[in-house]
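A.B. asks: Here's the letter readout for the chains.
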Amino acid sequence: MYAVNYHRAASVADAAKLVKSGDAKLLSGGMTLIPAMKTRLAAPSDLVDLSRIKDLQGIKVSGKTVTIGAATTHFDVSNDEKLRKACPALAHLASLIGDPAVRHKGTIGGSIANNDPAADYPAALLALGATIVTNKREISADKFFKGLFETALKDGEIITAITFTAPAKAAYEKFRNPASRYAIVGVFVAKGKDGVSVAVTGAGDDGVFRSKEIEAALAKNFDAGSLNGVKVPAKNLMSDIHASADYRANLIAVMAKRAVAAANA
Amino acid sequence: MSDVSLMVNGRRVSGAAEDRTLLVHFLRENLGLTGTHVGCDTSQCGACVVHVDGKAVKSCSMLAVQASGSTVVTIEGLANGADLHPVQAAFKEHHGLQCGFCTPGMIMTATDMINRHPEGLDEATVRAELEGNICRCTGYHNIVKAILAASKTMAKGAARAKAKQAA
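If you're matching them up, the sequences are chains A and B in order. First residue of the first sequence? That's 1 in the working numbering, and the numbers climb one at a time after it. First residue of the second sequence? That's 1001 in the working numbering, and the numbers climb one at a time after it.
Everything labelled a hint here was simulated from the structure, so no lab data went into it. Even glycine gets a Cβ: it sits at the ideal position worked out from N, Cα and C. Don't take every hint at face value.
Computed footprint of chain A on chain B, listed as stretches where at least three residues anywhere in the stretch have a Cβ under 8 Å from a Cβ of chain A [claimed, not checked]: (1) 1038-1046; (2) 1088-1100.
Derived DSBU-like pairs (lysine-lysine); straight-line CA-CA distance at most 35 Å [said to hold, decoys possible]: (3) K1145(B) / K54(A); (4) K1092(B) / K85(A); (5) K64(A) / K1145(B); (6) K235(A) / K1145(B); (7) K82(A) / K1092(B); (8) K1162(B) / K169(A); (9) K1152(B) / K136(A); (10) K1162(B) / K60(A); (11) K25(A) / K1055(B); (12) K20(A) / K1162(B); (13) K1055(B) / K1162(B); (14) K1152(B) / K64(A).
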């Protein structure tokens, strides 16, 4: 790792000031950034640690509105009793990320700011129609995720929370790479007052996306059977040594069926 | 450079370290606690797992300065003098190791896992929770056996302590 200057932010305002120094990066759980720095894929001059800011941590559920602090760890998301009642699918998704040691450090804000094309949270946030709250503004999930590792965040903008309305039904199903355990295909389905939305991670050439074909079929009848014969186009899907675009297209339909069955169970 | 001060295995320690120093290197090189191992450099193997503020984390994926102010327990902090911790004793009894390189991380992960599942563990849960710890010798079988056995011993210990308190 190249030399770096570490700063521990006491508040979001403090972090916003500190992040202006040099080529600084925000550090949350560090489960992607520190390994990337170790291999010199990332070499920021400064790190601004957000993980000790209390205001960024914790989960609030009031009625149907769920608010998750950006520095809340995957472990805390997976274990929160209120969230498990309001939106068990999201708590379950968090329990599938990485391994226990990674879940103890990694955070929801860090994950979505990184926007890895195989990360789990982006699928959930897109399907839930979540809002990403920053220190400057509120951004809807469909405007936030911009492509591979790209988001709508401006330089120095800090995610403070994620908020969404708990859906009536939801589930997440992930087909994991047997070695890395990242999603080859992950599908999050949600049925709320605005209808059905289905978001796919791990498969898109341009990162997370919504599957119109599957949404259309489920809008008629929210049942796994209504996906029989539904074809997802392989165009714009990734092909790599793990799976071809055609294989991923088929997996999307399979994972969507399983997710709908789980949501209805 | 930053001052790093930690409570490690019940002892208050401090020292200067470059900001880029990983916690695992601070433990090994500044404090001489070489029980915590570096197995992979890619944050996958789990040989470096320690407990920071009561939670299992990979000390290779955290800067020492990030941990400053925290309480750390390493493999050296588990045994009570010559008495092995129940998880260590179970690994010995069930031969949960061959070369032993991954063992410190396995035991720290297992201890954390057992603490988080006071209701008890089953084989599927143990195997899923060992996701982040790689062993290249044993095929995991005896590691799983050791963790299941330690979980039972520790549950009994906890029940005895509770009974004592009630009496």
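A.B. asks: Now look at each hint and say whether the structure bears it out.
C.D. replies: Each hint, compared with the structure:
{"no.": "1", "hint": "1038-1046", "result": "holds (count 4)"}
{"no.": "2", "hint": "1088-1100", "result": "violated (count 0)"}
{"no.": "3", "hint": "K1145(B) / K54(A)", "result": "violated, 40 Å"}
{"no.": "4", "hint": "K1092(B) / K85(A)", "result": "violated, 42 Å"}
{"no.": "5", "hint": "K64(A) / K1145(B)", "result": "violated, 43 Å"}
{"no.": "6", "hint": "K235(A) / K1145(B)", "result": "violated, 47 Å"}
{"no.": "7", "hint": "K82(A) / K1092(B)", "result": "violated, 41 Å"}
{"no.": "8", "hint": "K1162(B) / K169(A)", "result": "violated, 41 Å"}
{"no.": "9", "hint": "K1152(B) / K136(A)", "result": "violated, 51 Å"}
{"no.": "10", "hint": "K1162(B) / K60(A)", "result": "holds, 34 Å"}
{"no.": "11", "hint": "K25(A) / K1055(B)", "result": "holds, 25 Å"}
{"no.": "12", "hint": "K20(A) / K1162(B)", "result": "violated, 53 Å"}
{"no.": "13", "hint": "K1055(B) / K1162(B)", "result": "holds, 24 Å"}
{"no.": "14", "hint": "K1152(B) / K64(A)", "result": "violated, 40 Å"}
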